[in-house]
Amino acid sequence: MAKLRIKKHNHALNRSLGGDIAINAILIIFGAFMFIPMFYAIMQSLKPLDELWVFPPRFYVVNPTMKNYGDLFRLMSTSWVPFSRYIFNTILISTVGTFGNLVLSSLSAYALKKVKFPGANGMFRIITLSLMFNATVTSITNFLTMSILGWVDTYLAILIPAFCTTLGLYLMGQFIETAIPDSTIESARLDGAGELKTYWYIAMPMIKPAWLTLIIFSFQGLWNYGASIYIQSEQLKTFSYAIGQILAGGIVRAGAGAASTVIMMVVPIAVFVVSQSNIIETMASSGMKE
Amino acid sequence: MSDKPISPGDGEATVKKQAVNRGDMTKWQWTLREMRVNKVGYFMVAPFFILFLIFTVLPIVLSLFFSFTIFNMLEWPKFVFLDNYIRLLLDDDTFLKAITNTFVFAAVTGPISYVLSFMMAWFINELSPKMRAFVTLIFYAPSISGQVYMIWQVIFSSDQYGYANSLLIRFNFISSPILWFQNKDYTMGLCIVVALWLSLGTSFLAFIAGLQTVDRSYYEAGAVDGIRNRWQELWYVTLPLMKNQLMFGAVMTITGSFGFGAIVTALCGFPSVEYSAHTIMHHLDDYGSIRFEMGYASAIATLLFFLMVGANLLVNRLLSKVGT
Numbered sequence: 021m022a023k024l025r026i027k028k029h030n031h032a033l034n035r036s037l038g039g040d041i042a043i044n045a046i047l048i049i050f051g052a053f054m055f056i057p058m059f060y061a062i063m064q065s066l067k068p069l070d071e072l073w074v075f076p077p078r079f080y081v082v083n084p085t086m087k088n089y090g091d092l093f094r095l096m097s098t099s100w101v102p103f104s105r106y107i108f109n110t111i112l113i114s115t116v117g118t119f120g121n122l123v124l125s126s127l128s129a130y131a132l133k134k135v136k137f138p139g140a141n142g143m144f145r146i147i148t149l150s151l152m153f154n155a156t157v158t159s160i161t162n163f164l165t166m167s168i169l170g171w172v173d174t175y176l177a178i179l180i181p182a183f184c185t186t187l188g189l190y191l192m193g194q195f196i197e198t199a200i201p202d203s204t205i206e207s208a209r210l211d212g213a214g215e216l217k218t219y220w221y222i223a224m225p226m227i228k229p230a231w232l233t234l235i236i237f238s239f240q241g242l243w244n245y246g247a248s249i250y251i252q253s254e255q256l257k258t259f260s261y262a263i264g265q266i267l268a269g270g271i272v273r274a275g276a277g278a279a280s281t282v283i284m285m286v287v288p289i290a291v292f293v294v295s296q297s298n299i300i301e302t303m304a305s306s307g308m309k310e
Numbered sequence: 615m616s617d618k619p620i621s622p623g624d625g626e627a628t629v630k631k632q633a634v635n636r637g638d639m640t641k642w643q644w645t646l647r648e649m650r651v652n653k654v655g656y657f658m659v660a661p662f663f664i665l666f667l668i669f670t671v672l673p674i675v676l677s678l679f680f681s682f683t684i685f686n687m688l689e690w691p692k693f694v695f696l697d698n699y700i701r702l703l704l705d706d707d708t709f710l711k712a713i714t715n716t717f718v719f720a721a722v723t724g725p726i727s728y729v730l731s732f733m734m735a736w737f738i739n740e741l742s743p744k745m746r747a748f749v750t751l752i753f754y755a756p757s758i759s760g761q762v763y764m765i766w767q768v769i770f771s772s773d774q775y776g777y778a779n780s781l782l783i784r785f786n787f788i789s790s791p792i793l794w795f796q797n798k799d800y801t802m803g804l805c806i807v808v809a810l811w812l813s814l815g816t817s818f819l820a821f822i823a824g825l826q827t828v829d830r831s832y833y834e835a836g837a838v839d840g841i842r843n844r845w846q847e848l849w850y851v852t853l854p855l856m857k858n859q860l861m862f863g864a865v866m867t868i869t870g871s872f873g874f875g876a877i878v879t880a881l882c883g884f885p886s887v888e889y890s891a892h893t894i895m896h897h898l899d900d901y902g903s904i905r906f907e908m909g910y911a912s913a914i915a916t917l918l919f920f921l922m923v924g925a926n927l928l929v930n931r932l933l934s935k936v937g938t
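So the sequence lines, in the order shown, correspond to chains R and L. Residues 21 to 310 in this note's numbering are what the first sequence spells out, letter by letter. Residues 615 to 938 in this note's numbering are what the second sequence spells out, letter by letter.
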């Protein structure tokens with residue numbers, strides 16, 4: 021705790037009171053504006069059917085009810101593949117995909133930026149450039165590749181591309197390059213640590229904020245993974261897809277729809293909160309900033 | 615692939631080693647030696663890079679090839695050289711409309727969302743750690759919650775249940791509801807507003823993380839060196855240290871604003887009224903996923919790629935002036 025207070029003091033360098041007030045005011049105004057959608061989604065999910073269609077429309081709920089959530093779960097239980105199966109698929113894809121993405125992209129980004137073998141910079145450039153190529157035209161080739169490999173209609177078709185996202189590598193590379201001084205790496209090597217050890221024990225703890233960011237990007241993307249040309253069997257389809265199917269039922273399902281919006285966003289938010297608080301703890305307790 | 619040093623740091627390292635070892639070696643011998651010494655590096659990138667070659671490089675190369683052909687995915691591609699590009703640039707009025715719209719979208723939403731993301735991240739970084747996490751979550755909420763931008767469809771719904779219409783009718787500005795997303799005078803403007811509202815996304819989070827990795831001792835050193843207020847600190851200390859994150863944010867913003875289209879489709883439908891909000895992305899999807907003219911779609915993708923690379927070069931030039 022003492023350390024925290026010292027940091028706070030340092031932080032107050034070059035800060036005027038007026039500026040602090042202005043910044044807080046701006047944050048509150050923009051924050052309110054940004055909070056509207058979450059607030060609205062939660063309100064909608066708590067509205068009974070007659071309030072959903074009241075005129076003039078209301079932003080808030082008068083008689084909150086959990087009925088919409090009940091309806092959603094009832095609809096879920098009528099699907100012919102047990103709903104837990106969709107949920108299992110989504111959880112499997114999101115966790116394994118995120119984990120693989122983190123490990124592969126941080127490992128290669130470390131090698132490209134810190135091992136500095138001939139060709140490393142060229143590779144990194146190609147990866148950056150490839151971010152700017154549109155995915156619509158590449159999906160056809162990828163479908164063919166998947167069929168040749170026999171991965172169509174398996175988890176691999178979703179997981180393997182999720183492992184090697186260019187965004188993940190680019191993000192990691194940009195952080196590793198500046199946040200980890202070459203001198204730190206070199207002294208670890210002098211102490212006899214191999215590249216893998218240096219990567220895992222020295223480099224990775226120094227870029228935890230980058231980990232957090234990539235976890236969120238990756239998890240969020242995979243959690244919302246919906247219908248896909250690669251997956252045909254119902255048993256392998258995702259939660260997001262199943263929810264979409266339920267909602268295709270039209271107006272009578274508007275309440276359940278509102279409830280599903282909330283359920284779909286609760287999990288990424290939980291992941292965000294858990295990883296964020298973990299980062300704050302390590303930042304506060306480790307000596308890495310000194 | 616280039617084996618020349620690109621970043622200044624890398625160059626220095628090579629020079630240092632050269633002074634010790636290089637002596638009478640040729641450039642090739644030197645490179646080979648470096649490859650042998652650092653061979654563990656190749657093993658470390660191999661898993662990623664093999665997958666990257668298969669699932670990213672291969673399709674891109676094929677697509678570049680297809681852009682010189684007519685390819686309907688049933689028959690073997692027929693080589694036509696530059697015909698697709700000529701047709702695209704000289705003979706396709708819808709594409710010209712799409713390019714104009716894309717430029718307007720990119721020119722408006724790109725810079726604003728980039729600066730907004732950074733300013734908000736910077737302001738948030740002034741808060742205490744606990745507050746920081748909470749406020750970041752609030753600001754990132756529109757992006758995390760997937761489909762929530764559909765709320766704008768409710769607000770600007772074309773019947774009297776839409777919040778905008780119901781307010782305007784109540785105060786007698788209009789007598790009958792406006793068909794917001796079906797009116798070509800409003801579609802572009804509304805989509806830009808929604809895009810801006812969604813702009814605190816990928817780059818914003820990267821900026822937040824980047825600000826957290828800045829070593830605090832630089833701020834103290836800066837204060838000793840005579841930095842007097844937070845703006846000077848931002849310009850001379852924070853921004854130069856954040857250059858990598860700024861570049862990352864720029865690439866994300868460029869791909870996002872030039873690849874703009876999903877929001878338009880969700881709000882205005884596809885195609886939008888009289889192509890009023892038709893973008894390059896829509897044109898690409900139209901030929902790639904609906905008409906299956908893969909050659910033509912690949913040509914569009916290639917042009918879009920060069921637009922983005924050009925924009926990125928421009929932004930990098932601007933970013934190199936930061937902190938000077």
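What the hints contain is simulated information worked out from the structure, not anything from laboratory work. Don't take every hint at face value.
Keeping only pairs whose Cα atoms sit at most 25 Å apart, straight-line, the calculated SDA-like set for lysine to any residue is [to be verified]:
| no. | chain 1 | residue 1 | chain 2 | residue 2 |
| --- | --- | --- | --- | --- |
| 1 | L | K798 | L | I668 |
| 2 | L | K744 | R | S36 |
| 3 | L | K857 | R | E197 |
| 4 | L | K857 | R | T204 |
| 5 | L | K711 | L | K692 |
| 6 | L | K653 | R | S36 |
| 7 | L | K857 | R | P201 |
| 8 | L | K857 | R | G139 |
| 9 | L | K692 | L | N930 |
| 10 | L | K935 | L | E888 |
| 11 | L | K857 | R | I146 |
| 12 | L | K935 | R | R145 |
| 13 | L | K935 | L | S890 |
| 14 | L | K935 | R | T198 |
| 15 | L | K692 | L | T714 |
K857 of chain L and P201 of chain R: Cα distance at most 25 Å? Between K857 of chain L and P201 of chain R the Cα gap is close to 15 Å, so the pair holds against 25 Å.
Please work out if K935 of chain L and S890 of chain L have their alpha carbons no farther apart than 25 Å. Cα-Cα ~37 Å, so violated.
If you draw a straight line from the CA of K711 of chain L to the CA of K692 of chain L, is it 25 Å or shorter? violated (28 Å)
Between K692 of chain L and T714 of chain L, is the straight-line Cα distance small enough, at 25 Å or below? With Cα atoms ~30 Å apart, K692 of chain L and T714 of chain L exceed 25 Å; violated.
Does K857 of chain L pair with E197 of chain R here, judged by a C-alpha cut-off of 25 Å? holds (11 Å)
Holds or violated: K857 of chain L with I146 of chain R, Cα cutoff 25 Å? Judged against 25 Å, a Cα distance of about 20 Å means the pair holds.
Does T198 of chain R lie within 25 Å of K935 of chain L when you go C-alpha to C-alpha? It holds: about 18 Å lies between the C-alpha atoms, which stays within 25 Å.
Hint check: K692 of chain L vs N930 of chain L, CA-CA at most 25 Å. Holds or violated? violated (38 Å)
CA of K798 of chain L to CA of I668 of chain L, is that 25 Å or under? With Cα atoms ~42 Å apart, K798 of chain L and I668 of chain L exceed 25 Å; violated.
Holds or violated: K935 of chain L with R145 of chain R, Cα cutoff 25 Å? Between K935 of chain L and R145 of chain R the Cα gap is close to 21 Å, so the pair holds against 25 Å.
So if I understand the rule, the pair passes when the alpha-carbon distance is 25 Å or less; does K744 of chain L with S36 of chain R pass? Holds, at roughly 22 Å.
Restraint status (C-alpha distance of K857 of chain L to G139 of chain R at most 25 Å): Measuring from Cα to Cα gives roughly 23 Å; hence the hint holds.
The structure shown violates the earlier hints numbered 1, 5, 6, 9, 10, 13 and 15.
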